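6 protein chains.
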Amino acid sequence: MGYLKKVNYNMTAYLTRREQFNAAHKLWVKDWTDEKNKEVFGKCANKNWHGHNYTLFVTVKGQPHPQTGFVMDAKKLSQLIQKEITSKLDHANLNLDVDFIPKDLQPTTENLVILIWKQLEPLISDCQLHSIKLHETDNIYAEFFGEF
Amino acid sequence: MGYLKKVNYNMTAYLTRREQFNAAHKLWVKDWTDEKNKEVFGKCANKNWHGHNYTLFVTVKGQPHPQTGFVMDAKKLSQLIQKEITSKLDHANLNLDVDFIPKDLQPTTENLVILIWKQLEPLISDCQLHSIKLHETDNIYAEFFGEF
Amino acid sequence: MGYLKKVNYNMTAYLTRREQFNAAHKLWVKDWTDEKNKEVFGKCANKNWHGHNYTLFVTVKGQPHPQTGFVMDAKKLSQLIQKEITSKLDHANLNLDVDFIPKDLQPTTENLVILIWKQLEPLISDCQLHSIKLHETDNIYAEFFGEF
Amino acid sequence: MGYLKKVNYNMTAYLTRREQFNAAHKLWVKDWTDEKNKEVFGKCANKNWHGHNYTLFVTVKGQPHPQTGFVMDAKKLSQLIQKEITSKLDHANLNLDVDFIPKDLQPTTENLVILIWKQLEPLISDCQLHSIKLHETDNIYAEFFGEF
Amino acid sequence: MGYLKKVNYNMTAYLTRREQFNAAHKLWVKDWTDEKNKEVFGKCANKNWHGHNYTLFVTVKGQPHPQTGFVMDAKKLSQLIQKEITSKLDHANLNLDVDFIPKDLQPTTENLVILIWKQLEPLISDCQLHSIKLHETDNIYAEFFGEF
Amino acid sequence: MGYLKKVNYNMTAYLTRREQFNAAHKLWVKDWTDEKNKEVFGKCANKNWHGHNYTLFVTVKGQPHPQTGFVMDAKKLSQLIQKEITSKLDHANLNLDVDFIPKDLQPTTENLVILIWKQLEPLISDCQLHSIKLHETDNIYAEFFGEF
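Going line by line, the protein sequences match chains A, B, C, D, E and F. When the letters of the first sequence are read in order and numbered with numbering that gives the first Met the number 0, they come out as residues 0 to 147. When the letters of the second sequence are read in order and numbered with numbering that gives the first Met the number 0, they come out as residues 0 to 147. When the letters of the third sequence are read in order and numbered with numbering that gives the first Met the number 0, they come out as residues 0 to 147. When the letters of the fourth sequence are read in order and numbered with numbering that gives the first Met the number 0, they come out as residues 0 to 147. When the letters of the fifth sequence are read in order and numbered with numbering that gives the first Met the number 0, they come out as residues 0 to 147. When the letters of the sixth sequence are read in order and numbered with numbering that gives the first Met the number 0, they come out as residues 0 to 147.
Simulated from the structure, these hints should not be mistaken for lab results. Predicted, not measured: the structure shown is a model, and the values here were computed from it. By construction, the Cβ of each residue, glycine as well, lies at the ideal position given by its N, Cα and C atoms. Be aware that a few hints might be false.
[Claimed, not checked] Calculated lysine-lysine pairs in the DSSO-like style (CA-CA distance at most 30 Å, straight line):
{"#": "1", "chain 1": "A", "residue 1": "Lys87", "chain 2": "A", "residue 2": "Lys102"}
{"#": "2", "chain 1": "A", "residue 1": "Lys82", "chain 2": "D", "residue 2": "Lys117"}
{"#": "3", "chain 1": "A", "residue 1": "Lys82", "chain 2": "C", "residue 2": "Lys117"}
{"#": "4", "chain 1": "B", "residue 1": "Lys74", "chain 2": "E", "residue 2": "Lys75"}
[What the hints assert, rightly or not] If the Cβ cut is set under 7 Å, some of the chain B residues that face chain A in the computed set are:
{"#": "5", "residue": "Asn47"}
{"#": "6", "residue": "His90"}
{"#": "7", "residue": "Ser130"}
[Stated by the list, open to error] One side only, chain E facing chain B, incomplete, derived with CB under 10 Å:
{"#": "8", "residue": "Trp31"}
{"#": "9", "residue": "Leu104"}
{"#": "10", "residue": "Gln105"}
{"#": "11", "residue": "Ile123"}
{"#": "12", "residue": "Ala141"}
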């Protein structure tokens with residue numbers, strides 16, 4: 000028992016859970032002309048939408064519990080992400096369908112990681128949210144670490 | 000020179016080129032009610048669309064050329080796929096935007112591999128088209144080998 | 000309508016669904032000495048078991064349905080695999096816990112693909128089971144195509 | 000020679016080596032009833048064990064050596080990890096077989112990264128251990144950066 | 000015992016082993032001018048070489064052994080591939096260093112799969128070599144199934 | 000509009016772009032004997048070179064732009080990396096062909112990430128370069144965060 004304390008006491012580990020969702024979106028500023036939208040956003044401004052298989056990584060940090068060895072129960076983390084995030088984003092249109100994405104904000108990966116952080120951060124107790132990472136393709140991903 | 004012939008003569012190798020595109024789609028039968036569409040297609044029937052990062056594998060077969068060692072120049076195969084297929088599908092809406100996808104056909108992976116075969120097969124000479132494979136997600140892919 | 004028939008009629012496409020499970024096993028012939036088991040199976044004969052993240056690919060073939068575009072509904076295929084296979088294999092001991100794995104048969108990937116085929120093949124109608132592929136690690140996988 | 004010093008002097012780079020092992024484990028608190036173990040750990044509490052293909056990433060940091068360009072010889076790092084860690088964990092039972100895993104500590108990924116750090120950290124000289132990352136599945140991984 | 004026979008008798012399973020090697024090569028026909036080499040092979044004709052991380056998949060087929068459950072011992076298959084193939088190709092120059100690659104043959108993936116087949120096929124007994132697959136990049140791979 | 004400011008104001012997100020190149024290199028110190036080179040660098044000292052498929056990750060950080068949602072236009076980041084880095088490294092010999100790699104510096108992944116940082120850092124404005132990560136194989140990668 001003394002040993003367990005020695006092993007875990009004051010040691011901070013990080014736990015990451017991966018989830019996935021498939022969604023449609025486009026990048027489009029209403030106040031701009033079609034030409035300016037095409038110029039800035041290229042193919043991403045296609046009016047008929049395009050889409051991605053998004054891969055989301057949520058990382059929490061804290062001290063592993065002496066008995067369970069969990070920073071946080073990975074299954075409960077998964078359920079939380081599914082309830083609050085991926086059930087709303089999966090097979091959705093990110094410009095139109097999601098309550099926590101403002102209609103006048105571009106659904107870029109950079110904005111999405113900030114918005115997902117804002118949804119999850121207040122709901123995580125006992126340990127701390129450390130980062131949100133979101134892959135839009137194999138070539139592009141964004142991260143947010145709560146830096147204001 | 001006799002050796003080269005011995006090495007390659009009458010030997011059939013297969014060459015595969017991978018390409019990628021990101022697109023939106025939905026599964027929806029016009030003649031059905033909303034309820035029936037939801038019942039059959041589930042979340043894939045979301046009226047506001049959803050999307051995927053598609054990964055396409057095109058395989059050709061033939062005898063490696065004695066001098067170049069190519070069944071087909073992989074760069075030319077890539078250019079052909081980009082010109083005929085991915086330039087039309089990338090950042091597109093598969094239900095609305097693509098000339099070679101009939102409007103009354105569901106853009107499922109199964110139908111897409113058949114339609115892509117039909118586009119590419121007549122354009123490949125010197126060697127033969129062997130298969131079209133298309134990943135819609137990490138969990139689902141379809142293949143077509145030209146079986147009529 | 001004539002078009003739809005032309006597109007799909009008599010064309011055979013293949014649809015693959017990936018599922019995953021994590022399991023323990025060991026390779027051990029009861030009739031052999033410990034030495035012979037170690038000699039033949041190496042570290043795989045560890046009496047205290049070891050385990051793997053298995054990745055399973057189930058491929059069916061058939062003609063895409065004219066209205067749905069499905070060879071088989073991928074969600075129903077997933078549910079079938081989960082009910083019959085992965086719910087029994089996930090977080091299980093492949094030597095001890097699984098009703099359809101004979102106790103005197105080594106749970107090698109080669110034997111597992113045959114056993115999984117036998118479970119699924121009678122349950123697939125409208126289309127045909129084509130292959131079972133099972134990855135034990137990134138370096139080793141087995142396949143079965145129903146060849147007797 | 001002055002150039003080399005300018006290039007490398009006081010610059011800290013990070014080098015990561017990936018290794019893999021396959022192991023069995025279960026999550027189980029001896030002092031709890033079977034019911035409580037099932038309630039807390041779910042399928043991970045299966046008495047007959049389950050297992051995973053673990054992927055381990057060990058990161059060291061330091062200044063690249065002016066002549067070799069190495070923060071640390073990656074082959075020697077690999078040999079160290081294999082000698083001290085993966086030769087003990089591969090094809091092992093993490094609850095029963097490993098000298099550096101206390102018997103009364105859950106072999107969760109969070110606890111494992113801390114234990115692996117403790118094994119390796121005293122053995123790395125010339126450069127510094129920066130982090131241990133361990134994937135249990137594609138969906139779950141833990142990290143430890145030596146934070147006490 | 001009768002059961003074992005029923006399970007395995009006359010059933011053909013396929014076993015695949017993955018191996019990797021890193022090598023340099025260039026594509027260059029001696030009888031051609033520099034201009035023609037550049038025109039046909041593009042960047043692959045760089046006189047100073049370029050290189051790849053190659054991933055090799057060797058597939059054998061046969062009936063799982065009634066006692067071991069092996070089509071072939073995957074460890075022995077790995078040792079064979081390492082002895083005959085990857086120990087010769089790893090960290091080698093494919094145009095200059097490898098005894099079984101003719102000097103006047105382009106080291107394309109298509110030619111390499113045929114040459115690797117020729118090395119391994121005579122050395123596999125008890126079961127049969129089914130295919131050689133070689134990835135040159137994530138985007139290009141070749142296969143050979145022994146078709147003459 | 001006030002909302003947009005609240006969402007983005009003073010929030011730092013990270014954007015990563017992946018690019019790839021294939022190159023040859025060897026590790027070799029001119030002042031050493033062949034024996035010492037072999038002893039220190041092993042197979043990496045093969046005089047006839049070897050090569051890799053390198054995967055490069057460039058990460059920038061900054062505040063997403065209120066209208067575009069971009070920390071930096073990922074397409075422009077890609078074009079910058081291709082112009083300054085991968086067009087020079089792809090299908091090149093890292094010891095001989097690249098203007099920004101000093102001839103007397105080993106082209107290890109550790110040195111390469113520092114050299115790539117030095118090329119890109121002065122060219123990124125509006126946001127900041129955060130890190131360079133370079134995979135030489137699936138098993139080895141290096142990172143540089145600008146730490147002097």
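Now the hints, each set against the structure:
{"no.": "1", "hint": "Lys87(A) <-> Lys102(A)", "result": "15 Å, holds"}
{"no.": "2", "hint": "Lys82(A) <-> Lys117(D)", "result": "37 Å, violated"}
{"no.": "3", "hint": "Lys82(A) <-> Lys117(C)", "result": "37 Å, violated"}
{"no.": "4", "hint": "Lys74(B) <-> Lys75(E)", "result": "37 Å, violated"}
{"no.": "5", "hint": "Asn47", "result": "4 Å, holds"}
{"no.": "6", "hint": "His90", "result": "4 Å, holds"}
{"no.": "7", "hint": "Ser130", "result": "22 Å, violated"}
{"no.": "8", "hint": "Trp31", "result": "8 Å, holds"}
{"no.": "9", "hint": "Leu104", "result": "6 Å, holds"}
{"no.": "10", "hint": "Gln105", "result": "3 Å, holds"}
{"no.": "11", "hint": "Ile123", "result": "18 Å, violated"}
{"no.": "12", "hint": "Ala141", "result": "5 Å, holds"}
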